[in-house]
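Novice: Fit chain B to the given chain A structure using the hints.
Protein chains in written order, with the working numbering: chain A, 1 to 114; chain B, 1 to 109.
27 Å max Cα-Cα, derived BS3-like pairs, lysine-lysine:
1) Lys96/B with Lys62/A
2) Lys45/B with Lys11/A
3) Lys83/A with Lys42/B
4) Lys44/A with Lys96/B
5) Lys83/A with Lys44/A
Quick caveat, the hints were computed from the structure, so don't treat them as lab data.
Because the structure is a prediction, the values reported are computed rather than measured.
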Amino acid sequence: EAGVAQSPRYKIIEKRQSVAFWCNPISGHATLYWYQQILGQGPKLLIQFQNNGVVDDSQLPKDRFSAERLKGVDSTLKIQPAKLEDSAVYLCASSLQGGNSPLHFGNGTRLTVT
Amino acid sequence: RKEVEQDPGPFNVPEGATVAFNCTYSNSASQSFFWYRQDCRKEPKLLMSVYSSGNEDGRFTAQLNRASQYISLLIRDSKLSDSATYLCVARGGFQKLVFGTGTRLLVSP
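Chain A on its own, in the form it takes in the complex (with noise of 0.2 Å):
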């Protein structure tokens, strides 16, 4: 089968700019997560979706972060403006309807602001 897709792999902008993500997630999988991952630390859950309903965005700077996933199947993360302290990797996941069903990431988006 397919796996996550994400695009683009590296992004470089300076801070205020904005940026977006794009992530499509395994076909059939109805959850889809977007986690942040700074250097030397384990995946933040930035948000969680169930189709098109949002789970959890608890930790989602809303400020300055927004997601999307209209149609349940595919996902945007955007940020405006960005800053220094966003430079991370952005992890899309995706995984059959919760419960005990493991993750599968894609290849990530590594952003560095400047």
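Specialist: For chain B alone, kept in the frame of chain A given last:
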């Protein structure tokens, strides 16, 4: 206190050694647990799920201790290719998956 805590290491072991990592979780309602492996500059990949009865996959054994709220990963006969960061994951409320910071393993010849 962090929801999931791991010793960051690194654990330096020679080839052929047995090494064990522990991971503690704070949410007693956590229902499922996983170990993921992450290579440098790569995405995390599922290593194994952790079941209440424990489970084994080749050289890897995972155990769950609900009373003490920790899970463990045992690697026997370490290979050079086992060098990676091992992430402990607990699923808590609202199906939220929480990752630890990872334990780095270095296997040397």
